[in-house]
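Trainee: Sequence:
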Amino acid sequence: MPSSEAPSWLSELLRTAPTFTLEPSSHSKPNHPHLRSTIADLQVHPALEAGLHLANRDLYSAHFLVRKGQGGARELDWGHALLHRLEGDWGNGKCWYTDLDNHAAPGSIYKRFFSSLPKELTACQFVDLTAFYSIPSEATPDVIAQQAHKVFQSSESFGKVKTGFSREQLDRFVADPSSAPLSRAETEEWARKELAAMVEGLAEEHGWAPMGMKESVEALKEQKGGEEGQAVSHDAQGMVLGGGGGRKY
Numbered sequence: 001m002p003s004s005e006a007p008s009w010l011s012e013l014l015r016t017a018p019t020f021t022l023e024p025s026s027h028s029k030p031n032h033p034h035l036r037s038t039i040a041d042l043q044v045h046p047a048l049e050a051g052l053h054l055a056n057r058d059l060y061s062a063h064f065l066v067r068k069g070q071g072g073a074r075e076l077d078w079g080h081a082l083l084h085r086l087e088g089d090w091g092n093g094k095c096w097y098t099d100l101d102n103h104a105a106p107g108s109i110y111k112r113f114f115s116s117l118p119k120e121l122t123a124c125q126f127v128d129l130t131a132f133y134s135i136p137s138e139a140t141p142d143v144i145a146q147q148a149h150k151v152f153q154s155s156e157s158f159g160k161v162k163t164g165f166s167r168e169q170l171d172r173f174v175a176d177p178s179s180a181p182l183s184r185a186e187t188e189e190w191a192r193k194e195l196a197a198m199v200e201g202l203a204e205e206h207g208w209a210p211m212g213m214k215e216s217v218e219a220l221k222e223q224k225g226g227e228e229g230q231a232v233s234h235d236a237q238g239m240v241l242g243g244g245g246g247r248k249y
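Mapping the sequence shown onto UniProt numbering, position 233 (from 1) lands on 233, and the numbers just tick up by one.
One should not assume that every hint holds.
What the hints assert, rightly or not - Taking lysine-lysine pairs in the BS3-like style, the calculated list, with each CA pair at most 27 Å apart, reads:
#1 160 with 150
#2 68 with 193
#3 214 with 224
#4 111 with 224
#5 68 with 119
#6 119 with 150
#7 29 with 162
#8 224 with 68
#9 160 with 111
#10 68 with 160
#11 160 with 214
#12 221 with 160
#13 162 with 119
#14 111 with 29
#15 68 with 111
#16 162 with 150
#17 68 with 29
#18 193 with 214
#19 68 with 214
#20 193 with 150
#21 119 with 193
#22 221 with 68
#23 29 with 193
#24 160 with 224
#25 29 with 150
#26 193 with 162
#27 224 with 162
Unchecked claim - Pairwise CB distance ranges, derived in the manner of DEER restraints:
#28 64 with 163: 24 to 34 Å
#29 64 with 103: 15 to 25 Å
#30 163 with 37: 32 to 42 Å
#31 213 with 140: 51 to 61 Å
#32 107 with 140: 44 to 54 Å
#33 162 with 139: 26 to 36 Å
#34 141 with 210: 50 to 60 Å
#35 221 with 115: 40 to 50 Å
If you're looking for bench data, these hints aren't it; they were derived computationally from the structure.
Note that CB positions come from ideal geometry on N, CA and C, so glycine has one too.
The whole structure should be built from the sequences, with the hints applied where relevant.
Mentor: Okay, structure coming up:
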């Protein structure tokens with residue numbers, strides 16, 4: 001039964017939340033399969049539900065929700081950005097992060113989290129680091145260099161993305177990984193913190209009490225407020241299903 005208290009499994013869910021780019025084959029394979037329906041049955045705020053599905057590595061369930069409430073530079077757009085980051089569609093993800101940087105409210109959960117990143121990293125640079133470190137550490141130098149080029153191309157392909165790392169910066173990271181602003185372990189820690197900040201912030205803001213149908217519809221309308229329509233066409237369904245946006249090594 002839905003409860004107004006945080007579920008007992010929340011800490012374990014956040015502890016095992018995904019961090020770097022996921023293999024396409026895992027997009028429909030939650031970390032905790034038994035929680036897929038449990039999360040939906042909570043009937044909490046749609047953005048909180050999407051965050052819980054993302055923390056469970058259930059991109060399919062999260063995708064359904066973020067598409068229904070996109071465009072308002074609010075938490076469901078953050079979920080959309082994070083979903084693209086996890087599926088390896090870094091360019092589209094950085095477009096959503098850019099929209100949030102430009103339009104999210106100053107005191108929003110999103111702004112509070114990203115203002116706390118070390119080394120004054122931008123959201124797009126953070127995506128670049130998670131993408132850069134998604135390649136296995138034992139990969140050959142040539143493969144790592146190819147990955148860095150893909151990371152740069154994911155920014156260059158979209159005109160609105162202005163705050164990612166330059167090609168020269170990424171090349172330096174390849175030549176000397178210690179020159180990157182965060183290590184692999186630090187980046188992974190902050191990637192997990194991002195999901196925790198989203199879920200915990202939304203729970204604090206909206207609570208765990210179940211919402212009725214009318215309340216849920218109103219919540220989705222509120223999430224869609226502000227900027228109507230995006231400058232970039234986000235073909236999220238194809239990418240979540242392992243299409244062109246997924247990583248290929």
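Trainee: Between the alpha carbons of residue 111 and residue 224, is the straight-line distance 27 Å or under?
Mentor: 18 Å, holds
Trainee: Below or equal to 27 Å on CA atoms is what counts here, so check residue 119 against residue 150.
Mentor: Between residue 119 and residue 150 the Cα gap is close to 23 Å, so the pair holds against 27 Å.
Trainee: Against the 27 Å threshold, does the CA-CA distance of residue 111 and residue 29 hold or violate the hint?
Mentor: The given pair, whose Cα atoms are some 30 Å apart, is violated under the 27 Å limit.
Trainee: Take the C-beta atom of residue 163 and the C-beta atom of residue 37, compute their distance, and say whether it sits inside 32 to 42 Å.
Mentor: 39 Å, holds
Trainee: Does the structure keep residue 160 and residue 224 at a Cα separation of 27 Å or less?
Mentor: Since the Cα atoms of residue 160 and residue 224 sit roughly 21 Å apart, the hinted pair holds (cutoff 27 Å).
Trainee: Taking the beta carbons of residue 213 and residue 140, is their distance inside 51 to 61 Å?
Mentor: 54 Å, holds
Trainee: Please verify whether residue 68 and residue 193 have alpha carbons no more than 27 Å apart.
Mentor: 25 Å, holds
Trainee: Keeping to a limit of 27 Å between CA atoms, is the pair of residue 224 and residue 68 held or broken?
Mentor: Holds, at about 8 Å.
Trainee: Take the C-beta atom of residue 64 and the C-beta atom of residue 103, compute their distance, and say whether it sits inside 15 to 25 Å.
Mentor: Since the Cβ atoms of residue 64 and residue 103 sit about 23 Å apart, the hinted range of 15 to 25 Å holds.
Trainee: Assess, step by step, whether the Cα of residue 214 is no farther than 27 Å from the Cα of residue 224, and give holds or violated.
Mentor: 16 Å, holds
Trainee: Mind checking the alpha carbons of residue 160 and residue 111 for me, to see if they're no more than 27 Å apart?
Mentor: 19 Å, holds
Trainee: Does residue 160 sit within 27 Å of residue 221, going by the straight-line distance between their CA atoms?
Mentor: 26 Å, holds
Comparing the model with each numbered hint stated earlier shows that hints 5, 7, 11, 14, 18, 35 do not hold.
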